[in-house]
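> Produce the entire structure from the sequences given, and follow the hints as far as they go.
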Amino acid sequence: MIEVQQSENIWGWNRLKLFLGFLIFILVSNTSIFAQLDSTSIITEEVLDNVLIEPDEETDSEELVEIIENLIRNPIDINAVDIFDLSKLPNMDSQSAQRIIEHRNKFGYFFSPTELFSIRELDKQLIESILPFIKTSRPKDDIENYETTSTDSKLFFNKSKLNIRNRVSNDLQNRDGFTSGKYQGSKLKLYNRFLYSYDKNYQAGVLVEKDPGELSYTDFTSFHLQVKDVGFVKNFIAGDYVLEYGQGLALWSPFGFSKGADAVFPVKKRARYLRPYTSAAEYRYYRGAAAHLSFDDFSLTAFYSNNTFDATIDSVTGEITSVGQTGFHRFESELSKKAASKSKLIGGVLDYKLQSKINVGVIYYNASFNNKFESSSIYDLSGDNFNYLSAYYELNFSKINLFGEASFDGKSIASINGIQFSANRDLIFTTAVRSYPRNYINLYGFGFSEKSGSINNEVGIYSGLKWKIPFGVLNLYYDIYKFPYRTNENSLSSEGNDLLIDFVSIPIPKFEVRLRYKYENKEVTELINLNDQIVRRLKQIARTEFIYNLSKFLRLKTRIEYNHFLIKDSGQKENGFLVFQDVRYVPLKNINVYGRIIFFQTDSFNSAVYEYENDLLGVMPNLAMYGKGIRWYLIFKYKPLQFLTLSTKYSETYKPNVSSISSGDNEILGNVDNRISFQIDMSF
Amino acid sequence: MKLLHTIIIICLLTFSAYSQYNPGAKQISLSNSDVALSNDVFSLFNNPAGLSQMNWREVGVYYSPAPFGLSELANGYVAYHEPTSIGSFAVGGMSYGFDLYRESKFTLGYSYNYLNNFFAGVTVNYQTVSIQNYGNDGALFFNIGGLAYISNNFRLGFLIQNINRATFGNDDDQIPMIYNTGVSYDVVDVLTLNFAIEKDIKFKPSFQFGINYDIIEYLSLRFGFSNEPSKYSTGIGINYSMFSLDYAMFTHNDLGLTHQAGIIISFGRELDRSTTIRKYLGLE
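Each protein sequence line maps, in turn, to chains A and B.
Going by numbering that gives the first Met the number 0, the residue at position 277 of the first sequence is 276; the numbering climbs one at a time, nothing skipped.
Going by numbering that gives the first Met the number 0, the residue at position 241 of the second sequence is 240; the numbering climbs one at a time, nothing skipped.
Because the hints were derived from the structure by calculation, they are not lab data.
Be careful, since some hints might not be right.
[Stated by the list, open to error] Derived contacts from chain B toward chain A, CB cut-off under 10 Å, selection only:
id, residue
1, 88
2, 114
3, 116
4, 159
5, 162
6, 164
7, 171
[Stated by the list, open to error] Reference excerpt, derived from the structure (chain A facing chain B, CB under 8 Å, subset only):
id, residue
8, 547
9, 553
10, 559
11, 600
12, 655
Keep in mind it's a predicted model, so treat the numbers as computed, not measured.
Ideal Cβ positions, reconstructed from N, Cα and C, are used throughout, including at glycine.
Laid out in structure tokens, this is it:
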């Protein structure tokens with residue numbers, strides 16, 4: 000029997016006011032103005048939507064967003080770029096890149112990016128999708144005229160560009176770590192980044208970050224100075240940087256694309272060479288100096304880094320027992336890990352390009368640590384000094400593109416070799432074979448693999464197909480892999496395979512239908528009859544999505560997703576279901592409104608449904624929806640002045656009939672988990 | 000007698016999910032799969048967005064005398080729709096229960112026609128419950144809906160009920176929060192297929208399907224089914240001049256058949272319902 004009272008529910012009222020405000024806003028705002036909207040976040044969202052699949056873990060994906068945002072900030076000059084760099088753009092295959100270069104060689108420089116539409120052999124959709132990432136440099140004469148007519152001081156301000164990003168987010172509920180007094184700091188999460196660039200050639204950056212629960216407001220700080228394209232110095236960085244070369248077996252940034260909705264894109268790594276470190280992941284970046292020098296077809300990169308890292312050190316032996324990757328320093332034992340050991344890195348990369356046919360390179364580096372690694376029984380990691388020698392290649396023959404890398408760590412060789420075959424404009428096929436021995440020690444790599452970037456104890460064959468058929472685009476991949484030696488999870492060798500079918504069609508103008516089926520069959524360890532057994536786990540996901548662009552101002556998106564989780568041997572059989580309604584509304588010039596409401600129901604965490612969601616610029620969380628409940632959020636992005644963008648997000652997860660959400664230090668007593676964030680972006 | 004009443008009250012509460020079937024004999028005969036159709040005055044309760052598809056005034060009355068054979072569960076609805084140059088307005092009400100337990104609802108709706116291909120609607124509902132000897136309570140909640148014409152004969156619709164999660168008393172979720180989305184497709188002008196998915200925050204998703212066939216100008220045949228709870232539904236509509244008389248029934252595995260009927264009076268509509276809408280939206 001319900002209890003009946005006269006009083007109004009207070010929470011109901013507050014939510015009601017919020018919705019009223021939103022509704023009034025929607026109804027009042029007029030739609031008659033032609034908006035020139037701030038499109039960075041929309042482009043980023045759409046590119047990543049086509050490339051990513053929600054991984055089975057909660058992530059922030061800041062780095063992947065940063066890759067796309069960086070491309071928008073620093074578009075590629077199609078009048079200067081070579082085929083290898085051009086084919087690194089999202090959606091770009093090497094055959095299309097070749098056509099663009101051929102056109103340039105034949106008819107001279109492009110006057111504007113839209114001139115690409117005159118190349119008949121290029122796919123129109125492809126051109127549209129790369130337009131935000133390319134530019135055409137002006138002919139030299141123009142620049143000289145411009146320089147003589149401007150005064151020096153004006154020039155200085157014209158050439159200076161300052162980008163500031165400040166973000167604050169705050170959980171409105173108290174998590175256990177805070178109520179119990181375990182965490183020393185406040186709940187706020189703060190992020191501040193300053194990027195100053197002068198004349199396209201010089202850049203300086205500072206980043207300061209604090210995670211929730213951390214005491215120090217400068218818990219993580221990062222800085223860099225960069226010089227670009229001055230004489231033969233292609234790039235020079237002092238401060239924090241990352242390196243990406245070859246296929247990532249020896250050197251890569253801490254994050255990269257894994258198997259995703261685009262079956263071809265993530266397989267061949269798109270090395271970005273030397274880059275300033277602009278992320279707040281607090282993990283595996285280099286601090287020191289590096290230079291990338293270019294002499295015609297040859298280029299040489301030399302780097303030196305001497306950096307601290309988080310680690311647990313055994314107080315008796317002085318050996319490293321584990322390396323911290325989270326960057327959290329919220330209480331005593333986490334703080335004691337902070338910067339507990341030091342690593343030194345010294346090395347170089349020699350890269351050679353022969354016309355647009357061949358790109359080969361050799362990487363060598365030495366990494367040494369202040370403390371020895373404790374011998375691990377599984378992967379033979381021990382010692383404090385490591386040497387790496389790696390060779391990579393990429394070869395272009397009209398329709399065939401070959402790529403690969405082999406890396407030697409002193410004990411064993413890890414390798415990946417792949418082929419990309421463009422049968423015609425509409426069909427691209429790729430296949431790659433990877434072989435990562437169990438005792439290959441992966442210190443600074445991020446390879447293409449089943450276990451997000453890890454490069455050991457795995458052999459696998461991946462095949463993918465991207466096919467434009469008259470009524471849509473089909474992406475299909477199949478991946479078979481085996482972990483030949485025991486892993487942390489399984490005490491014996493294990494194996495698995497994945498299949499993805501993703502079909503996008505626009506059956507009616509402006510109306511897009513996306514169908515996806517994913518199947519994963521993997522061996523896992525389960526406790527059955529008090530014995531650990533390796534058994535087959537089957538996960539299937541089916542998704543239907545409707546995206547409807549009603550007008551320039553309004554887009555609706557509906558998703559229905561169902562998943563099935565099955566372990567036959569233990570009789571575990573679960574289902575998960577999610578449905579959401581998403582709206583993107585651009586009511587006025589430079590106002591974007593995003594809203595989404597999600598209803599979900601899953602049998603447990605095993606059958607959780609993951610969803611990427613929009614967030615403030617630079618963030619894209621992937622969240623697990625499990626149990627029974629709803630989640631909704633609203634985002635406003637407002638650009639009142641040319642140099643200023645304000646944005647805010649409110650999100651709320653509500654689960655009926657539960658007394659707590661999450662667990663451990665993250666546990667919230669109650670059935671609501673809500674958060675509010677603000678961000679200011681300024682660019683002068 | 001007291002025992003009987005207690006049993007009935009328990010039934011009312013247990014089956015509140017069933018009793019919350021939105022009104023309209025047509026809607027029920029389509030197993031409430033019509034979120035993307037929503038072309039009569041009872042759209043006020045189903046998907047208010049659909050109201051501004053209609054450029055005529057309309058009034059409707061609906062009554063379900065004894066759901067599952069229990070006259071104590073009787074419920075009735077009335078609704079009125081007024082199109083204006085700034086959008087469609089509608090007002091309606093509901094009464095449910097009997098002297099010991101009664102719920103009533105007052106609903107105000109507004110729907111906006113955006114470029115003749117998208118319709119957005121919102122309703123403000125004030126619902127009260129009174130239980131004899133216990134007292135009474137009221138709650139204000141909002142529904143929002145959308146309806147989009149993807150092409151001339153294909154529509155997409157959605158509705159979120161109780162978006163502010165209002166409730167009665169101290170217990171959460173006494174008024175359910177429900178999301179419903181679906182498509183509606185006119186195979187030919189006289190035959191419409193409807194498919195929808197409904198997710199109540201507390202219950203499993205329900206898949207709903209319904210067919211509406213205007214066999215002749217004066218007669219519509221309807222059929223539908225859904226799972227969670229599993230049921231079949233069927234009904235007929237008699238359309239004569241400004242009157243539409245609808246009858247519907249549906250099955251319940253344990254509780255048998257339920258009958259309901261309604262009448263809708265349209266003012267100023269000269270052609271049949273779907274033709275008038277097509278003409279108004281310029282879809283021919």
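> Against each hint, give a clear statement of whether it holds in the structure.
Going through the hints against the structure:
no.	hint	verdict
1	88	violated, 13 Å
2	114	holds, 6 Å
3	116	holds, 6 Å
4	159	holds, 6 Å
5	162	holds, 6 Å
6	164	holds, 6 Å
7	171	holds, 6 Å
8	547	holds, 6 Å
9	553	holds, 7 Å
10	559	holds, 6 Å
11	600	holds, 6 Å
12	655	holds, 5 Å
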